[in-house]
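Asks: Now for the letters of each chain:
2 protein chains.
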Amino acid sequence: MSPDQVIAHLKKHVLFQGCTDAFLNDLAEKAVLQRLSKGQVLFLQHDEAKRFFLVLKGWIKLYRETLDGAQAIVDVVPSGQMFGEAPLFLDHTSSFGAEATDVSEVISLPLQPLEAELKKNPAFALEMLKHMAQRQQNQERELEHRDLQTAPQRIGCFILRLAKQDAEGSVTLHLPYDKNLVAQRLGMQPETFSRALSKLKKATNMEVKGSTIRLESLQTLAEFCCAGCSSTFPCGDLTSK
Amino acid sequence: MSPDQVIAHLKKHVLFQGCTDAFLNDLAEKAVLQRLSKGQVLFLQHDEAKRFFLVLKGWIKLYRETLDGAQAIVDVVPSGQMFGEAPLFLDHTSSFGAEATDVSEVISLPLQPLEAELKKNPAFALEMLKHMAQRQQNQERELEHRDLQTAPQRIGCFILRLAKQDAEGSVTLHLPYDKNLVAQRLGMQPETFSRALSKLKKATNMEVKGSTIRLESLQTLAEFCCAGCSSTFPCGDLTSK
Numbered sequence: 001m002s003p004d005q006v007i008a009h010l011k012k013h014v015l016f017q018g019c020t021d022a023f024l025n026d027l028a029e030k031a032v033l034q035r036l037s038k039g040q041v042l043f044l045q046h047d048e049a050k051r052f053f054l055v056l057k058g059w060i061k062l063y064r065e066t067l068d069g070a071q072a073i074v075d076v077v078p079s080g081q082m083f084g085e086a087p088l089f090l091d092h093t094s095s096f097g098a099e100a101t102d103v104s105e106v107i108s109l110p111l112q113p114l115e116a117e118l119k120k121n122p123a124f125a126l127e128m129l130k131h132m133a134q135r136q137q138n139q140e141r142e143l144e145h146r147d148l149q150t151a152p153q154r155i156g157c158f159i160l161r162l163a164k165q166d167a168e169g170s171v172t173l174h175l176p177y178d179k180n181l182v183a184q185r186l187g188m189q190p191e192t193f194s195r196a197l198s199k200l201k202k203a204t205n206m207e208v209k210g211s212t213i214r215l216e217s218l219q220t221l222a223e224f225c226c227a228g229c230s231s232t233f234p235c236g237d238l239t240s241k
Numbered sequence: 001m002s003p004d005q006v007i008a009h010l011k012k013h014v015l016f017q018g019c020t021d022a023f024l025n026d027l028a029e030k031a032v033l034q035r036l037s038k039g040q041v042l043f044l045q046h047d048e049a050k051r052f053f054l055v056l057k058g059w060i061k062l063y064r065e066t067l068d069g070a071q072a073i074v075d076v077v078p079s080g081q082m083f084g085e086a087p088l089f090l091d092h093t094s095s096f097g098a099e100a101t102d103v104s105e106v107i108s109l110p111l112q113p114l115e116a117e118l119k120k121n122p123a124f125a126l127e128m129l130k131h132m133a134q135r136q137q138n139q140e141r142e143l144e145h146r147d148l149q150t151a152p153q154r155i156g157c158f159i160l161r162l163a164k165q166d167a168e169g170s171v172t173l174h175l176p177y178d179k180n181l182v183a184q185r186l187g188m189q190p191e192t193f194s195r196a197l198s199k200l201k202k203a204t205n206m207e208v209k210g211s212t213i214r215l216e217s218l219q220t221l222a223e224f225c226c227a228g229c230s231s232t233f234p235c236g237d238l239t240s241k
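Protein chains in written order, with my numbering: chain A, 1 to 241; chain B, 1 to 241.
No lab work stands behind these hints, which were simulated from the structure alone. Careful: at least some of the hints might be erroneous.
Unchecked claim - Only pairs whose alpha carbons sit at most 27 Å apart, straight line, appear in this in silico DSS-like list of lysine-lysine:
# : chain 1 : residue 1 : chain 2 : residue 2
1 : B       : K130      : A       : K11
2 : A       : K50       : B       : K130
3 : A       : K50       : A       : K38
Chain A extracted, bound-state conformation (with noise of 0.2 Å):
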């Protein structure tokens, strides 16, 4: 991939797109573009971390494990978005690793000019801190969620924000990567994401084939879900997309 290329991709992300060409062109000439199969891993937690990734094509699983294999998934990254930047912010080892979930493309990129940008530039340290503050405040719905919504509430909610929020009458939407990451996404055991999936089809008339889901509305589907959310429909966090 060109230096050009990876510049134009780069330019996509509401990040960079303040950038100066001589800092993108520093990041685009030490680029590479990987190509991942299903499964590859990226890099593992506690790594030393030296370099962030754009994603290009497929997802990307970020996950943190236990000595004994036990999983829990910190988000699972699509195109078009980015990762493994904070540990230039704290000790240099990535608290997360990263996996492919599919088929995936993603832009690796150099850590050191990124520093370097931040501690000259502080419009651009302001766009990282408003990236960060937008993530803070995911993280702190999804432990809301956790707390506060029941099962087939969240699955409710996950569907509700893969929808363009304000589409009117019948949707039809597909779900992004198998039915087992959803389930394991939203920190549920197979089984009770299968038991719950059953009760959030019964409560809202929703259709579910394979990947494909039919609402009848989106607003009956809000009304389920956003009874056990503090926030109200359509989600501020989200822009109509």
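Using the hints provided, position chain B relative to the given structure of chain A.
Replies: Same frame as chain A, but now just chain B:
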């Protein structure tokens, strides 16, 4: 409280240790000491945020609340720590409410000079990024523990993190606030907490009298809890207290 006293308190927080006198004076000039009674609300979720806070005494509960009054605790902030700066990087509304869980004192500080300083001082912005990354890592750990630790392990982990991490032999600790709030902090119903605490006591020979906890050794407790965690004891994010 005089501006000099405010500055002395600010300088105890790592975020403000490298700051210029001009900036600290600016913050201190508009600082207000607020005394709160037990249960007093400082601000509500969704309020417009114009100030941030440094806790001097007591405990401030940060929480998110659904329309029907169910609460999820985001954090319980001890003295010496700050909260309420994140809205600066989002939409200037607070993503949680704040309430004193005991007689408390906070210094209320204006967000505007903080924003101005971040815009012109990249070294300060980098300190703020470190501060937020640390908080993000704490939330990741919290989400991991919800997925992977049992209820007794989670209570044990809460207690373990109160201790001086390199303490040897038998250890006496004090719960920082009442058991109901600890339960709520951990996202547990009081009955679940009660049952889990009994199991924890049996499994680790822990004695609990009121808010006083006696352990034969930290190591026994760590062996019990850390089996359900992706990190190892002593906890990397805690300095030796």
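Asks: All the hints need checking, so say for each whether the structure fits it.
Replies: Right, here's what the structure says about each hint:
no. : hint             : result
1   : K130(B) x K11(A) : holds, 25 Å
2   : K50(A) x K130(B) : holds, 17 Å
3   : K50(A) x K38(A)  : holds, 23 Å
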